[in-house]
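Enquirer: Spelled out from the first residue to the last, the chains are:
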Amino acid sequence: MTTPGGVDESGPPAATGLPPDVPPSGITATGVTRRFRSVQALQGVDLMAPPGAITALVGPNGSGKTTLMLVLASLLRPDAGSVRIAGADPAQDPAAVRRHTGWMPDTLGVWDALTAREILEMMGRLYGLDRDVARSRAGQLLEWQELSTLADEPARVLSRGQQQRLSLARAVIHEPQVLLLDEPASGLDPGSRLRLRDDLRQMAAAGRTILVSSHVLSELDEMADLAVFMQDGRTVGVEDLGSDGATGGRYLITALDVCDLLTVLERYSVAYRRQPGRRQDSVSVEVNSADEAADLLSTLVGEGVRVVAFTPEASRLETAYLELDRMRSVAPDAPGAGLDDVDRADADRTDGGADGGASRASWRTDRREDR
Amino acid sequence: MRSRIDERVQDGNGGGRGTAGAEVSGRLGWGRALSTVVRMDVQQRLRSRTWYIMLAVWFVVIGLVTWGASASFNVLSAEEPIGPGAGRFVFEAVVGFVLFFGLLVAPAMSASTISGSRSGGTLAVMQVTLLTPGQLLLGKCLASWITALAFLATALPYIVVAMSMGGLDVSGLVVFVAMVAIELGVVCAVGTAVSAVADRTLFAVVATYLLVALFTFGTLVAFALTMPLTQTTIPANTPRWAAAEGEVLPDGPEACFGPLVPQATYDTRATYWMLAANPFVVVSDAVPPPARVPYDPDDPDTWAPDGVMTTISFGVRYLQRPPEMNVPCAYGEPAEPGTEAAWRGTPVWPLGLGLQWVVTGGLLAWGRFRLATPAVRLPRGHRVA
Numbered sequence: 001m002t003t004p005g006g007v008d009e010s011g012p013p014a015a016t017g018l019p020p021d022v023p024p025s026g027i028t029a030t031g032v033t034r035r036f037r038s039v040q041a042l043q044g045v046d047l048m049a050p051p052g053a054i055t056a057l058v059g060p061n062g063s064g065k066t067t068l069m070l071v072l073a074s075l076l077r078p079d080a081g082s083v084r085i086a087g088a089d090p091a092q093d094p095a096a097v098r099r100h101t102g103w104m105p106d107t108l109g110v111w112d113a114l115t116a117r118e119i120l121e122m123m124g125r126l127y128g129l130d131r132d133v134a135r136s137r138a139g140q141l142l143e144w145q146e147l148s149t150l151a152d153e154p155a156r157v158l159s160r161g162q163q164q165r166l167s168l169a170r171a172v173i174h175e176p177q178v179l180l181l182d183e184p185a186s187g188l189d190p191g192s193r194l195r196l197r198d199d200l201r202q203m204a205a206a207g208r209t210i211l212v213s214s215h216v217l218s219e220l221d222e223m224a225d226l227a228v229f230m231q232d233g234r235t236v237g238v239e240d241l242g243s244d245g246a247t248g249g250r251y252l253i254t255a256l257d258v259c260d261l262l263t264v265l266e267r268y269s270v271a272y273r274r275q276p277g278r279r280q281d282s283v284s285v286e287v288n289s290a291d292e293a294a295d296l297l298s299t300l301v302g303e304g305v306r307v308v309a310f311t312p313e314a315s316r317l318e319t320a321y322l323e324l325d326r327m328r329s330v331a332p333d334a335p336g337a338g339l340d341d342v343d344r345a346d347a348d349r350t351d352g353g354a355d356g357g358a359s360r361a362s363w364r365t366d367r368r369e370d371r
Numbered sequence: 001m002r003s004r005i006d007e008r009v010q011d012g013n014g015g016g017r018g019t020a021g022a023e024v025s026g027r028l029g030w031g032r033a034l035s036t037v038v039r040m041d042v043q044q045r046l047r048s049r050t051w052y053i054m055l056a057v058w059f060v061v062i063g064l065v066t067w068g069a070s071a072s073f074n075v076l077s078a079e080e081p082i083g084p085g086a087g088r089f090v091f092e093a094v095v096g097f098v099l100f101f102g103l104l105v106a107p108a109m110s111a112s113t114i115s116g117s118r119s120g121g122t123l124a125v126m127q128v129t130l131l132t133p134g135q136l137l138l139g140k141c142l143a144s145w146i147t148a149l150a151f152l153a154t155a156l157p158y159i160v161v162a163m164s165m166g167g168l169d170v171s172g173l174v175v176f177v178a179m180v181a182i183e184l185g186v187v188c189a190v191g192t193a194v195s196a197v198a199d200r201t202l203f204a205v206v207a208t209y210l211l212v213a214l215f216t217f218g219t220l221v222a223f224a225l226t227m228p229l230t231q232t233t234i235p236a237n238t239p240r241w242a243a244a245e246g247e248v249l250p251d252g253p254e255a256c257f258g259p260l261v262p263q264a265t266y267d268t269r270a271t272y273w274m275l276a277a278n279p280f281v282v283v284s285d286a287v288p289p290p291a292r293v294p295y296d297p298d299d300p301d302t303w304a305p306d307g308v309m310t311t312i313s314f315g316v317r318y319l320q321r322p323p324e325m326n327v328p329c330a331y332g333e334p335a336e337p338g339t340e341a342a343w344r345g346t347p348v349w350p351l352g353l354g355l356q357w358v359v360t361g362g363l364l365a366w367g368r369f370r371l372a373t374p375a376v377r378l379p380r381g382h383r384v385a
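So the sequences go chain by chain: A and B. Counting from 1, one number per residue, gives the positions in the first sequence under this note's numbering. Counting from 1, one number per residue, gives the positions in the second sequence under this note's numbering.
These are calculated hints, taken from the structure and not from any lab test. Cβ coordinates follow ideal geometry from the N, Cα and C atoms, glycine included. Among the clues, some could well be false.
[To be verified] To list a few chain B residues with every Cβ distance to chain A over 12 Å, as calculated:
1) Asp-41
2) Phe-59
3) Val-160
4) Leu-173
5) Arg-200
6) Ala-207
7) Phe-217
8) Ala-222
9) Ala-255
10) Pro-259
11) Ala-264
12) Val-308
13) Ile-312
14) Asn-326
15) Pro-334
16) Trp-349
[Unchecked claim] Label pairs and their calculated CB-CB ranges:
17) A:Pro-60 <-> B:Ala-222: 54 to 60 Å
18) A:Arg-35 <-> B:Leu-64: 56 to 62 Å
19) B:Ala-222 <-> A:Ser-159: 54 to 60 Å
20) A:Glu-153 <-> B:Trp-366: 36 to 42 Å
[What the hints assert, rightly or not] Derived list of chain A stretches under chain B, where covered just means 3 residues or more per stretch with a C-beta under 8 Å from a C-beta of chain B:
21) 63 to 74
22) 88 to 96
23) 99 to 110
24) 113 to 126
Let's have the full structure, built from the sequences with the hints guiding it.
Expert: Here it is, written out as structure tokens:
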């Protein structure tokens, strides 16, 4: 297992910084469109992925993530729009882009009769590395991805996760500045996923530009600094995941004695929802901001509730994604008439009984009027 | 350059610094590109067990052909052969069979290369390297040619056997083997180009078979269909044969008499070229005819059959003769037996090979266009990756 940002020997043999004389780096795309016969796969993508950060490309199946990746990897010519990768335009100068770009496709392409070592060496040769350089790079990368013991077996004996790791090693054989990873974590076990996260974090710390696409939000949440949301071939939002620690949204509160917790919540007229199923000791509460969450927690603790857990119910990425989704579905209707809200009102056991009491709490000052 | 890379890699070991990727040269040299693509492809093919089983079966089959050819030579030849032996006959049978079988096998091997790696997901991975489309196409083409040549190489022991039977001149042998190799190369190039163009492997294989059939059978069909159109008439009259003891001497008529009457014959000089692109014609026509006839023309007891390839070559040259040579007495002149013997015709194999190369070149250009990235259009129903 590698350590994030560490300089240990098992880390990717990577450049640790950008020299000052290479100003244009990262990925910039503006107004990219692409049509496949009757399907408009991309209808205006604007994307900025800065160097030194991991940018997540998030969107439902069929939202154009892979098509965008292919355009960025210089495999597909966009109908319109401009793309710059490490300072070069893939449509004008694909060779320059390829020299600086590593691409890991979502389909696993493996030469099943070749060994992992041979695949890496030959791919290195195809990137213009000399024979012994390619050989030593291949050895290092195999060690880095812990494939050394399987290095001389035919690639067909590798498990899916091992093939994914080989695919990642292949993508970085020529020490690219920009990495395009299409669903890199699909099919990985939790351990391998953590590894992948650490590996990518380490490479980002070395100044590389990393764009990761996925529709599994939790795996991106662990690693990404920035999220770009795609829907129907458009980029619909950008979320900076690195700015502050927590946001509003639903929080899950677990207490030793759930009755205490419920009593206090009702006394303060906080809308809550009991967890269905096994988690009978937890309730879910919605807050508007990180401040509110902190206030609520200190109130609960101050009232003597023995809280053992107080965590956001959904990951930040998930929250942002659902938020976008909700805004999209709500937008054409009157505000507040979204399905999501109706569901929530049904599920909530609101504090009708304690209504109007003098003990109505003031931890939250501006919340209730919309109910 | 080299030392810089070494430094970089050693640096990289300990978390070094530098411009990643800057050490990679702008273009990939043809030698390096081709050798790498060929090695990847050939190794991938040679590591399958079925391949060796196929070669073993092939070895046995060629053995049977050799045995059958030498047996039939003995049956067909007269009782007192004075010729140099069965070597050339057996050799030509083996070469003809290798060519025939190669034409069957090469499309299957070449037409699955690019479409196969496209559906296997390895094509796009190679396309994002510094390989140019031309290098990729040519490398794949060479790789399938090398595997197809293994079939020719497997037959070599039997060629040695044929040599040991005598009557085989080395120049003819070398040209035969080289021409078969070239024909296999043409088929492999066609197959590779079609597999770059086609969307599906199955379609690529079928299309390549059809193209090979077009060369092999299409040429024959075209020639046969146009044959009636070449019918012409020659003013001929009756020959008087010099007869000795009731037996016709092979020296031709000694005189012609009687009125000139139009006699129907075929003038295939305008159509024989259609056969040129046939792979069998190309191979057999390129080989110089045997140094001497393997029998004494005056003594039927010494007669021995020509090899299959020599027969084909003679046949195509025969079709080039002017029509009056088909008639013993054209324009009132007796045909000269000397002109008949001296008639060699013109070689058709440069024309045939040229036609094949034009078609192959066109297909390769189309295939290269379809491999160019960033791609403008995708094969139907296929994602790039």
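Enquirer: Against this structure, judge whether each hint is valid.
Expert: Status of each hint after checking the structure:
1. Distance check on Asp-41 (chain B): its Cβ comes as close as 9 Å (rounded) to a Cβ of chain A, failing to clear the 12 Å threshold; non-interface status is violated.
2. Look at Phe-59 (chain B): its CB is around 23 Å from the nearest CB on chain A, clear of 12 Å, so calling it non-interface holds up.
3. With 12 Å as the threshold on Cβ separation, the claim that Val-160 (chain B) sits away from chain A holds: the shortest Cβ distance comes to roughly 32 Å.
4. Every CB of chain A lies more than 12 Å from the CB of Leu-173 (chain B), the least distance being 35 Å, so the non-interface label holds.
5. Look at Arg-200 (chain B): its CB is around 17 Å from the nearest CB on chain A, clear of 12 Å, so calling it non-interface holds up.
6. Residue-level check passed: Ala-207 (chain B) sits 23 Å from the nearest beta carbon of chain A, beyond 12 Å.
7. In this structure Phe-217 (chain B) is separated from chain A by more than 12 Å, as the shortest Cβ-Cβ distance comes to about 35 Å.
8. Look at Ala-222 (chain B): its CB is around 38 Å from the nearest CB on chain A, clear of 12 Å, so calling it non-interface holds up.
9. No Cβ of chain A comes within 12 Å of the Cβ of Ala-255 (chain B); the nearest lies about 75 Å off, and the non-interface call holds.
10. At the 12 Å boundary, the C-beta of Pro-259 (chain B) stays outside the reach of chain A, the nearest C-beta of that chain being 74 Å off.
11. With a minimum CB-CB distance of about 59 Å to chain A, Ala-264 (chain B) clears the 12 Å threshold, and the non-interface call stands.
12. Taking the minimum C-beta to C-beta distance to chain A, about 38 Å, the non-interface status of Val-308 (chain B) holds against the 12 Å cut.
13. A cut-off of 12 Å between C-beta atoms confirms that Ile-312 (chain B) is not in contact with chain A; the least separation is 40 Å.
14. The claim that Asn-326 (chain B) lies off the interface holds: its Cβ sits roughly 58 Å from the closest Cβ of chain A, which is beyond the 12 Å cut-off.
15. Interface exclusion of Pro-334 (chain B) from chain A stands, the closest Cβ pair being 70 Å apart, more than 12 Å.
16. The claim that Trp-349 (chain B) lies off the interface holds: its Cβ sits roughly 38 Å from the closest Cβ of chain A, which is beyond the 12 Å cut-off.
17. Pro-60 (chain A) and Ala-222 (chain B) have their C-beta atoms about 57 Å apart, which keeps the hinted 54 to 60 Å range intact.
18. The beta-carbon spacing between Arg-35 (chain A) and Leu-64 (chain B), approximately 58 Å, falls within the hinted interval of 56 to 62 Å.
19. Between Ala-222 (chain B) and Ser-159 (chain A) the Cβ separation comes to about 56 Å, which falls inside the hinted range of 54 to 60 Å.
20. A hinted range of 36 to 42 Å for the beta carbons of Glu-153 (chain A) and Trp-366 (chain B) is consistent with their spacing of about 39 Å.
21. Given as covered by chain B, the segment 63 to 74 of chain A passes the check, having 5 residues with a CB less than 8 Å from a CB of that chain where 3 are the minimum.
22. Check result for the segment 88 to 96 of chain A against chain B: holds, 5 residues qualifying (beta carbon to beta carbon below 8 Å, three or more required).
23. Coverage of the segment 99 to 110 of chain A by chain B holds [criterion: at least 3 residues with CB-CB distance below 8 Å; count 10].
24. For the segment 113 to 126 of chain A, the stated coverage by chain B is satisfied: 7 residues place a CB nearer than 8 Å to a CB of that chain, which reaches the threshold of 3.
Checked against the numbered hints given earlier, this structure breaks only hint 1.
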